[in-house]
Amino acid sequence: MTMPSAALWALAWTAAPSEAQGDPPPGLSQEAAGAEAPEGDPAASGEPESEPALKAEAWGESQVLGATARVTRPQPGAVSRVELRGPELTLIPGTFGEPLRVPATLPGVAHSPFGLGFFLVRGSSFQNTGFVVDGFQVPLLYHLGAGPAILSARLVDQLDFYPGGYPVALGRFTGGVIALQTKPPPVDRWQLEVEIDVLRASGLLVVPLPDERGSIALAFRRSYFELFLPVITDDVSLAYADYQLRLDYRLADRLRLSVLFFGSRDSLETLQATGTGGTVGEASAGVEYAFDQLMLSIGWEPSAAFRLRWSLVVGPSSIELGRESTGEASLGTDTSAMRFGQRAELVFTPAAAWQSTLGVEYSVFSYDVSASVPSFGELPGVPAPGLPSDVLAVHDRLLERTLAPYVEQVVRPGRFELTAGLRAEYLRYGDVSQWVLDPRGVVRFALTEYAKLKLGSGLFAQPPLPFQLTRGAGNPDLQPSRALQSSVGAEIELPFALEIDTSLFYSRMWQLVRNSGRPIADPEGRAIQPLFADDGEGQAYGWELLLRRRIERGLFGWLAYTLSRSERFLEGGRKVVFAFDQTHVLNFAISYTWQKLTFGARMTLASGRPVSDLVDPQGDDAVYDADQDDFDPDSRGRRTRLPLYHQLDLRIDHAWTLGPIEGSVYLDIINVYNAANSESYRYHYDFGSRGRVPGLPFLPTLGVRGVLR
Amino acid sequence: MRLALFISRAWCVSCAFCACVDLPEFPRPSLIDRPRVLAIVAEPPEAAPGQPVELSLLLAGASSAEITWRACGAFDSFTGGGSQYGDETEEHCGSERGDVLEPGERTQLPGALTSRLFDDLELAAAILGSALPLATVALIRDEVGLPFVVEATVIADGKLIRAVKRVVISPRERRNTNPPPPRFSLAGQEIAAERADSFRCDPLEGGVARGASASDIELRPLFEGDSEPWIEAYPVLDARGALVRRSERAFYSWFSSAGELAESITTAPLSSQRWTTPPAAGCHALWLVIRDGHGGASACRTEVAIDDAECP
Numbered sequence: 001m002t003m004p005s006a007a008l009w010a011l012a013w014t015a016a017p018s019e020a021q022g023d024p025p026p027g028l029s030q031e032a033a034g035a036e037a038p039e040g041d042p043a044a045s046g047e048p049e050s051e052p053a054l055k056a057e058a059w060g061e062s063q064v065l066g067a068t069a070r071v072t073r074p075q076p077g078a079v080s081r082v083e084l085r086g087p088e089l090t091l092i093p094g095t096f097g098e099p100l101r102v103p104a105t106l107p108g109v110a111h112s113p114f115g116l117g118f119f120l121v122r123g124s125s126f127q128n129t130g131f132v133v134d135g136f137q138v139p140l141l142y143h144l145g146a147g148p149a150i151l152s153a154r155l156v157d158q159l160d161f162y163p164g165g166y167p168v169a170l171g172r173f174t175g176g177v178i179a180l181q182t183k184p185p186p187v188d189r190w191q192l193e194v195e196i197d198v199l200r201a202s203g204l205l206v207v208p209l210p211d212e213r214g215s216i217a218l219a220f221r222r223s224y225f226e227l228f229l230p231v232i233t234d235d236v237s238l239a240y241a242d243y244q245l246r247l248d249y250r251l252a253d254r255l256r257l258s259v260l261f262f263g264s265r266d267s268l269e270t271l272q273a274t275g276t277g278g279t280v281g282e283a284s285a286g287v288e289y290a291f292d293q294l295m296l297s298i299g300w301e302p303s304a305a306f307r308l309r310w311s312l313v314v315g316p317s318s319i320e321l322g323r324e325s326t327g328e329a330s331l332g333t334d335t336s337a338m339r340f341g342q343r344a345e346l347v348f349t350p351a352a353a354w355q356s357t358l359g360v361e362y363s364v365f366s367y368d369v370s371a372s373v374p375s376f377g378e379l380p381g382v383p384a385p386g387l388p389s390d391v392l393a394v395h396d397r398l399l400e401r402t403l404a405p406y407v408e409q410v411v412r413p414g415r416f417e418l419t420a421g422l423r424a425e426y427l428r429y430g431d432v433s434q435w436v437l438d439p440r441g442v443v444r445f446a447l448t449e450y451a452k453l454k455l456g457s458g459l460f461a462q463p464p465l466p467f468q469l470t471r472g473a474g475n476p477d478l479q480p481s482r483a484l485q486s487s488v489g490a491e492i493e494l495p496f497a498l499e500i501d502t503s504l505f506y507s508r509m510w511q512l513v514r515n516s517g518r519p520i521a522d523p524e525g526r527a528i529q530p531l532f533a534d535d536g537e538g539q540a541y542g543w544e545l546l547l548r549r550r551i552e553r554g555l556f557g558w559l560a561y562t563l564s565r566s567e568r569f570l571e572g573g574r575k576v577v578f579a580f581d582q583t584h585v586l587n588f589a590i591s592y593t594w595q596k597l598t599f600g601a602r603m604t605l606a607s608g609r610p611v612s613d614l615v616d617p618q619g620d621d622a623v624y625d626a627d628q629d630d631f632d633p634d635s636r637g638r639r640t641r642l643p644l645y646h647q648l649d650l651r652i653d654h655a656w657t658l659g660p661i662e663g664s665v666y667l668d669i670i671n672v673y674n675a676a677n678s679e680s681y682r683y684h685y686d687f688g689s690r691g692r693v694p695g696l697p698f699l700p701t702l703g704v705r706g707v708l709r
Numbered sequence: 001m002r003l004a005l006f007i008s009r010a011w012c013v014s015c016a017f018c019a020c021v022d023l024p025e026f027p028r029p030s031l032i033d034r035p036r037v038l039a040i041v042a043e044p045p046e047a048a049p050g051q052p053v054e055l056s057l058l059l060a061g062a063s064s065a066e067i068t069w070r071a072c073g074a075f076d077s078f079t080g081g082g083s084q085y086g087d088e089t090e091e092h093c094g095s096e097r098g099d100v101l102e103p104g105e106r107t108q109l110p111g112a113l114t115s116r117l118f119d120d121l122e123l124a125a126a127i128l129g130s131a132l133p134l135a136t137v138a139l140i141r142d143e144v145g146l147p148f149v150v151e152a153t154v155i156a157d158g159k160l161i162r163a164v165k166r167v168v169i170s171p172r173e174r175r176n177t178n179p180p181p182p183r184f185s186l187a188g189q190e191i192a193a194e195r196a197d198s199f200r201c202d203p204l205e206g207g208v209a210r211g212a213s214a215s216d217i218e219l220r221p222l223f224e225g226d227s228e229p230w231i232e233a234y235p236v237l238d239a240r241g242a243l244v245r246r247s248e249r250a251f252y253s254w255f256s257s258a259g260e261l262a263e264s265i266t267t268a269p270l271s272s273q274r275w276t277t278p279p280a281a282g283c284h285a286l287w288l289v290i291r292d293g294h295g296g297a298s299a300c301r302t303e304v305a306i307d308d309a310e311c312p
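Residue numbers (this note's numbering), protein chains in the order written: chain A, 1 to 709; chain X, 1 to 312.
The following block holds chain A by itself, in its conformation from the complex (with noise of 0.2 Å):
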């Protein structure tokens, strides 16, 4: 990153989000001050979590100025689980306190190049992770630019993390899931919260029903960028908003109604002059993401042991993808859907022993896809210099269609906890009309009282992106990609507050969707070259360890490894290390906390990806290509990898009171000894020589909080 950037942040400072009343005083929660969790928290006693309820007591746990979310991988659906609490989501350095950043730091979870917010989980791709929202897949969690996630994290309850094996209820990726479950906000006050940073700027207005029967909550958060980013650079432009309106309502003792009404607007835009002399113009290429999504929710619990939900999600969102230059041809991809869905769950509960789901998922979602892309594959296929000029201009609708009723029983017999679940999907898109059956189960058993043993397995789908199966462009024949995913593992508590959970695990992948080219016949024995192809086959396999310690006299941390390998198969069976495959992920984070000071650091060791090293050793150019006026490196790419990747982040934050305002000031650096990380190689033009694409800087952030009470 530039200086301006690295300015930027250290620019960035916060201010003043009131807090409910009796909290602990910032940087002092109990947890944080050294207390033991309390009695009866399910995030604390690790018993699976039970609805939010509707008071403001809940609204009020565990936060540290604003650290409402936890993460967790719960079981019993889910083979690994990991808790932690609100200040181990919020003081956690180089996460600029964003409490939905910290899965990153996970096991099971690779470094991310320049720490974009989505994830290489299990040696699967970014696009075979999601995200979901009160079980409602969402197209982004996370703003652009490093930014935060588009959800106030004073409205959502809890973050589970699935590095892989996730429950039933769940489905649509063949990777990792990082759901967010959202909360109800208190019904006995009015509230306030105002948040203002030079970035952005964001409100949370909660009005309390009548009765304390319910309430309403607005939150509102806008970046202004704009009126920094001309200071700096007039070639980059970013914004983004997001909104969120939630109503939350008794309808009688057991009987609730949640309506959440939320969106995301993000827009990044590069723009740089082109030619020169009597000819000028210029160049810009920019992506934009859009949505919005009314959820309705209502829940009924007529008694301790039987629970019902029924849920829907209706909404617009747009994905748009464009580069354009004066006297070229516009490219680029816009994506626009109208989706709803519902899904309702019955969870009967007679006994400790015995839990059996029941579920549906219903989702439509109606694409309309229109986009130019270079027209790569004619023939006779002789290439002009740069990318082609002209384009295939593609535009489909699309619907598709999926309907996944799902079982889950879960019994208790003596040590063991046997989990057993199906999740049959019927998927309609393109010109595929199937039904995938996806069994699942997680075996555990307590070995001691202090150590279980856990075993999992189960089969993933995920259908192919809108664009791949457009008519022209794509193939509307692609199949759902596949994956079986199993591990076997164990959790064990030790003394000093410690524990370790370790997991082996392996992932064999099929139907893998592929970038393509190669022409194939069609029936009428034309020559066709769809961009994508359904052929992909791969495995991951690996080794993760966390070893934590809980909150516990002010001290908490967690180291976690994860060792694996991600292949990907060619023809003729040749294996190729997958693109982001990392050997060794190293987290460290530590955070203690004395009287009003608390100190963190986070280090973070990760293998270098492969990359082919294209320098010929003997010092020769690449093969020139005389009808594309460039070189071309082939045949001589030598496998390797980046160099290690190493960074140390600090934190410090100190809490204070001025007068009705309690807050904490910190500092939060990134990359404090500066290492010059590589995230990737460029190259001379005659692919003579390279040179190393930098990783985030020295990157120092001052903040201030505040809460008015």
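Nothing false has been slipped in among the hints.
Simulated DEER-style distance windows between Cβ atoms: (1) A:D368 with X:D157: 53 to 61 Å; (2) A:A344 with X:E122: 54 to 62 Å; (3) A:W543 with X:D33: 46 to 54 Å; (4) A:A344 with X:R245: 51 to 59 Å; (5) A:T640 with X:A212: 42 to 50 Å; (6) X:R116 with A:Q272: 47 to 55 Å; (7) A:Y685 with X:D157: 14 to 22 Å; (8) X:S198 with A:F126: 52 to 60 Å; (9) X:E122 with A:V360: 50 to 58 Å; (10) A:L437 with X:E232: 51 to 59 Å.
Think of the hints as simulated: they come from the structure by calculation, not from any bench.
Keep in mind that this is a model prediction, so the values were computed, not measured.
Backbone N, C-alpha and C fix where the C-beta goes; we use that ideal spot for every residue, glycine too.
Position chain X relative to chain A; hints supplied.
Structure of chain X alone, referenced to chain A:
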């Protein structure tokens, strides 16, 4: 490879904010500071079966060179891949494949060879990735023609250089031709090639083109009318298998032995170029290669005297 490149560029857009990174700077490709192949011109660029093809190579920055040629079949192996697979692999002429042609800066692809390549459907299928039935290959060949690759191996001043070019062999009656020899203006002086096969341009007024040191000089392609009149149309099979007509497009590749060119390649309507001349007097070279985006090319080199330098 190119598809992967496009996708990676698209991905880079989303990284653009984070990628306000200090990327390493390399010398511009337009600077000729060592032996380089700048163009291979085939005459004609699209040949009929049995028609001989003259090949000539424009070499820059070399005092001496040995050039050998080979005509071969397979070029892109279409192994597929994509982002999940790391980099794709491609193959050029293998050492044991291909027919050896006469050495030298100019050579000929004999008519017998173009005829044989045209009839070898199995070789054509291999070029296209071996996934097509021969009937489909024959359909492609008959409708739009097939590209075959020639490879030049140059040893210039002890440096090994390899360069490839495609030659389309098609049965079409109206085949594509090369752009005319370059013509451009340099600080108001009109520079043009004397002959199509000479790779040499000179001022129409005679003598040597001149420019002032450390100044910005506009270089502008010249042609009659508002746009390149030599642009032709040609048929292709698009990715959907449809027979469509495409139009050529002019690409101007500029090179200099000193100074700095603002762009490496210019295209209409931004085809002008700015050359920041060297800071001292001297004799320097400029090269212009015109490509039509469909295998056609023309090229030339001209001397430019900076300030009062006397050039041969």
